Amino acid sequence: MTQDYSAVTELMHDETVTHSFTKDVQLPDGKTLVLLTLDNGLDHKKPTTLGPSGLIELRAELEKQAARAKAGEIHGLAITGKPYFLIAGADLSAVTRLSAPEHATAMATLGHRAYDLLADLGVPTFAFINGLALGGGLEIALACNYRTVSTTAGALGLPEAFLGLIPGWAGVYRLPRLIGPENALKVMVENPLNNNRTLSGPAAHKLGVADALFEPADFIENSVKFAGSVLSGELEVLRENSVDPSDPEVARRWLDAADRAEKFVDAKLSGATPAPYKVLEVFRKGMTLTQAQSAELEIAALTELMATHEFKNTVYSFLDLVQKRGKRPAGAPSAKLARPVTKVGVVGAGLMASQLALLFVRRLNVPVIITDLDQSRVDKGLAYIHGEIDKLQTKGRMSQDAVNRTKALVSGSVTKEAFADADFVIEAVFEELNVKKQVFAEVEAVVSAECILATNTSSLSVTEMGKELAHPERLVGFHFFNPVAVMPLLEIAATQWTNESTVATAFALGKNLRKTTVRTKDATAFVVNRVLLRLMSEVQAAFDEGTDALTADTALRPMGLPMTPFTLLSMVGLPVAQHVNESLNASFGERFAISENLGKLIDAKITTLWIKDDKGAQILNPEMDGLLSFGDKPSSQEQILIRVQDALAEEIGLLLAEGVVAEAADVDLCMITGAGWPMHLGGITPYLDQVGASDRVNGKKFNS
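The sequence shown begins at 1286 in the working numbering and counts up one residue at a time.
Source of the hints: derived by calculation from the structure; they are not laboratory data. There's no promise every hint is true.
Below 30 Å or equal to it, Euclidean Cα-Cα: the simulated DSS-like pairs (lysine-lysine) are [said to hold, decoys possible]:
| hint | residue 1 | residue 2 |
| --- | --- | --- |
| 1 | K1355 | K1331 |
| 2 | K1676 | K1692 |
| 3 | K1676 | K1796 |
| 4 | K1612 | K1628 |
Predicted model, so just to flag it, every value in this text is computed and none were measured.
Let the hints inform the model, and build the full structure from the sequences given.
Rendered as structure tokens:
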């Protein structure tokens, strides 16, 4: 195997090596604890990751300490990381180079060789989780006998199912035994497939991932004290959630949890990508295996998955698009041009406006004021914001002091005079052009000359909104996606008048709000809604032409989209979707045909095509009976899939020709972060290239 490791290190010759530094810590009772710190020698902008050279060094250092343990020189070992990080996982950008099966196997084996020593070093081992611990970073902690975690540890999780892999360094084996099968599958399957959610330090402690929770100021000191208490026998660690799968009742729970998780994966992905199913396969089989036997399954699974298109597509989507392009948006002016924002105004107090106000106050920690037509609406908006803040406290994500400070920063008014000292005012009122123009006229009359005006419109012309303003150069499109707290994308639309200082401030705000920002031209529906509505229009047209609802709604299943078109239609709201489609129809014509059937549903106040019957089965809404009219040209699922692929290739080709965004990669980024486009498809334009739609429609690929 030495030769295999050499081949892997050569393939990853540019690895930023995470080194293993050790020092002896003398405990009060005379025992010696070795503190091993993982550090790549760079600042917090370069997370610590594990490649083959780092794993080989870690293994060598642990072998030295195992020898010392055998000789009685040390009594425990603790592993921690540089500030803000334990380990961010494996170096994924380099892992994609391991295309040969023997190289993938070698990389998978290296992790087990190092981590297995931590699990059985000859003395107790501890993980001091001082910061981010993802994938292999959390698995290194799970390999230790005990764990502490900081209250400010930013993200803990096993995101491999999201990335196209499995937790292959024994996480899939150790975690369910530590915190129970149900909790473990939430961490390994549900969280990754729900926008790659992670655990905070307090949440990880509550689940039982960590045995103790400490504040960051004296985290290492208290963690060392904890280790000393365990080593001296003063402290016995009890784990309420830990289980033994040899217990018949636990075995039943184990398999039931796997069955529920598989239904969840089916609903999310419809079998479109293998990784989550492979997690469940190894999870089920591992129930009756030893850790060494499970390791063989994990290594085989990683070897198989590293060779898949889905893994390579996901790494491209996640690293090249979301991580790299998302953090360096095309067309963003110099941050030096951005103006400070010390107070924010939100016009409106409805659900969207209240979500925006909550986001601004939480992320910026500046005063935020909402306005509406009467006090009852303002009060309702403030009650919603306060209620959401209280929920965050209940979940352990905000302290009582933070709750009090945040609530105090939010206020309401029935007059726009309250915006007089605001630096940034955003409207989130009814999606009607004249209403928005009136709002901006009223706001411009009271704000300072430097105040930036922003619209959250999803489909209307920002240019038209600014035509009658005295200073249209300070107006910008600032389009969020619903739910605001969850969806990462922020489309920033500049008009012909918008100056660079305004755009720079918008991008700086987006960054501070922790959003993925993309600069777009002021074109109807910008990027995401234009592409999505073209997709939905084609499916709706196939339905209107005589295709049965089930065939039409499930035709895109091979794409693995987060929801079917008709489910998305119900979630967006039929009137909203129709309104956006009407705007697109006015701008682009019959590519966005207006559906008479959809209009009939709206007139009848029907909100969904599908409902559940008494047994929970999905059926067509009986309220539609006799209401709709259809053609006599039904399509097959395959015909609809190709039709939609070609329509998307056409629309994106036109969008790029119009210069709505800088490059195809920006369309990919928008669809991933604004519409949940599956990462395993590698972005929407690579997908259209791969299925041949780009060549069929445009005569060339989007990406050469």
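Consistency of the hints with the structure:
For the suggested pair K1355 and K1331, the alpha carbons sit about 36 Å apart, so the restraint of at most 30 Å is broken. With a C-alpha separation of about 13 Å, the suggested pair K1676 and K1692 falls inside the 30 Å cut-off, and the hint holds. Distance check on the hinted pair: K1676 and K1796 sit about 25 Å apart at the alpha-carbon level, within 30 Å; holds. For the hint linking K1612 to K1628, the alpha-carbon distance of about 25 Å falls within 30 Å, and the restraint holds.
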